[in-house]
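Asker: Fit chain B to the given chain A structure using the hints.
In the order they appear, the protein sequences are chains A and B. Position 151 of the first sequence, counted from 1, bears residue number 151 in my numbering, the numbering being contiguous throughout. Position 58 of the second sequence, counted from 1, bears residue number 58 in my numbering, the numbering being contiguous throughout.
Hints are computed from structural coordinates only; laboratory data are not their basis. No incorrect hints appear here.
Just so you know, same-sequence chains aren't split out, so a pair can sit in one copy or run between any two.
Heads up, simulated SDA-like pairs for lysine to any residue below, C-alpha to C-alpha not over 20 Å straight-line: (1) K209 - R19; (2) K192 - L118; (3) K209 - T153; (4) K192 - I79.
There are 2 protein chains.
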Amino acid sequence: MPNPTAAMLVIGDEILSGRTRDANMHYLAQELTKHGIRLSEVRIVPDNHDAIVGAVQALSAGYDTVFTSGGIGPTHDDITAEAVADAFAVPIGIRDDARAILQAHYDRQGSTLNEARLRMARIPEGASLIDNPVSAAPGFTLHNVHVMAGVPTVFQTMVASVLPTLTGGAPMLSQSLRIARGEGDIAGPLGKLATAHPEVEIGSYPFIKDGVYGANIVVRSPDGAAIDAVIHELAALFPEAQ
Amino acid sequence: MPNPTAAMLVIGDEILSGRTRDANMHYLAQELTKHGIRLSEVRIVPDNHDAIVGAVQALSAGYDTVFTSGGIGPTHDDITAEAVADAFAVPIGIRDDARAILQAHYDRQGSTLNEARLRMARIPEGASLIDNPVSAAPGFTLHNVHVMAGVPTVFQTMVASVLPTLTGGAPMLSQSLRIARGEGDIAGPLGKLATAHPEVEIGSYPFIKDGVYGANIVVRSPDGAAIDAVIHELAALFPEAQ
Numbered sequence: 001m002p003n004p005t006a007a008m009l010v011i012g013d014e015i016l017s018g019r020t021r022d023a024n025m026h027y028l029a030q031e032l033t034k035h036g037i038r039l040s041e042v043r044i045v046p047d048n049h050d051a052i053v054g055a056v057q058a059l060s061a062g063y064d065t066v067f068t069s070g071g072i073g074p075t076h077d078d079i080t081a082e083a084v085a086d087a088f089a090v091p092i093g094i095r096d097d098a099r100a101i102l103q104a105h106y107d108r109q110g111s112t113l114n115e116a117r118l119r120m121a122r123i124p125e126g127a128s129l130i131d132n133p134v135s136a137a138p139g140f141t142l143h144n145v146h147v148m149a150g151v152p153t154v155f156q157t158m159v160a161s162v163l164p165t166l167t168g169g170a171p172m173l174s175q176s177l178r179i180a181r182g183e184g185d186i187a188g189p190l191g192k193l194a195t196a197h198p199e200v201e202i203g204s205y206p207f208i209k210d211g212v213y214g215a216n217i218v219v220r221s222p223d224g225a226a227i228d229a230v231i232h233e234l235a236a237l238f239p240e241a242q
Numbered sequence: 001m002p003n004p005t006a007a008m009l010v011i012g013d014e015i016l017s018g019r020t021r022d023a024n025m026h027y028l029a030q031e032l033t034k035h036g037i038r039l040s041e042v043r044i045v046p047d048n049h050d051a052i053v054g055a056v057q058a059l060s061a062g063y064d065t066v067f068t069s070g071g072i073g074p075t076h077d078d079i080t081a082e083a084v085a086d087a088f089a090v091p092i093g094i095r096d097d098a099r100a101i102l103q104a105h106y107d108r109q110g111s112t113l114n115e116a117r118l119r120m121a122r123i124p125e126g127a128s129l130i131d132n133p134v135s136a137a138p139g140f141t142l143h144n145v146h147v148m149a150g151v152p153t154v155f156q157t158m159v160a161s162v163l164p165t166l167t168g169g170a171p172m173l174s175q176s177l178r179i180a181r182g183e184g185d186i187a188g189p190l191g192k193l194a195t196a197h198p199e200v201e202i203g204s205y206p207f208i209k210d211g212v213y214g215a216n217i218v219v220r221s222p223d224g225a226a227i228d229a230v231i232h233e234l235a236a237l238f239p240e241a242q
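Here chain A stands alone, though its shape is the one from the complex (with noise of 0.2 Å):
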């Protein structure tokens, strides 16, 4: 049976502007990696509802399970839960198990529960809520679509808490042999290698080191027999790799 699939949807104006680097998708892809489920889509849009509404629909209808990251805050710019529910078409408004989350973490905090955090208990109709043991304000899932926050340790702590609820497949596992030869010394008996073994996934990702060409040929399969049997033919290939 294939593995399950999933997309990523990251929502930021300061990832497509270059100030900062996205984290969370790194960290996704490693994790549902390790669950044994396929990340076969990123998509990073702006703070825009169009945008989003259509990533959220063309990406919850392509893949088994979607996560989205970012714009689940209080301020002005956050629009992303908004956008969910219009993407599902369902209405969205002020949940009292939510409102009854913050209220808790505001009264334990000694800060009020204003108008601008009360926008973080607004949750579609029909969600569920993940849990935030970080910062209190929880994610939700809508259908088949998980939407997160987008500070990384909060992130990282709702990715905990979905990915058990989740069917995953074998996990996939890799090894790799790095090459130090150019790509076009390789291809052939790598193509052919490729052809002859359609149960694992080859990879080459070339690098220049210093001057010195080279490459990471990676083999995956969730068959770790069907790995080592490909990198011995591999190794005997290229001697000279490491």
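Answerer: Coordinates of chain B only, in the frame set by chain A:
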């Protein structure tokens, strides 16, 4: 006049699997911002023909310019050139000028232009070549799509040769203020400020650092004086800001 828009398509299983972290997107985002071009969407797809074709078509139709990264080397998993040709329904074949560039390069190196390397001379009909001073194998531009290498040093030199050919807008300037208060305390006044100043974009990017909640407030516009004025108001609203 609004700034021209761009999209980026990153092609690479290795990024989606979490094995490597993309560096090209962050680089391109910064370069485009300097050049006054607004990076409006990024997609990351695997080394899959249909996924690349679909993304190229969608992004090419949706934005002024598209940049792709990855998949133009000599190995079996390098399928970007064919996919881009198919996206525009044009034939692809070995082109004499591209072959001559490769031949000269490998002659200098004392290596041979073998069958695998010759694949890098396959250029879609109607495309123009993008110079690659690092490792010779050219990128190409077809319609509004610039097809570039994934190796960061090569990607960067290709961006450097493509950017001057594009019409930029006024460079997007930005200034930020760091406020060590929870976004919930900032959100109300900040939202009013954003409504009062539609001539700038105001983004709030929260962080949690050593248990302290805060946000970086970023004000963006091509107009430096407009930014200064808003930052001034912002600093008056939040005297504790840095």
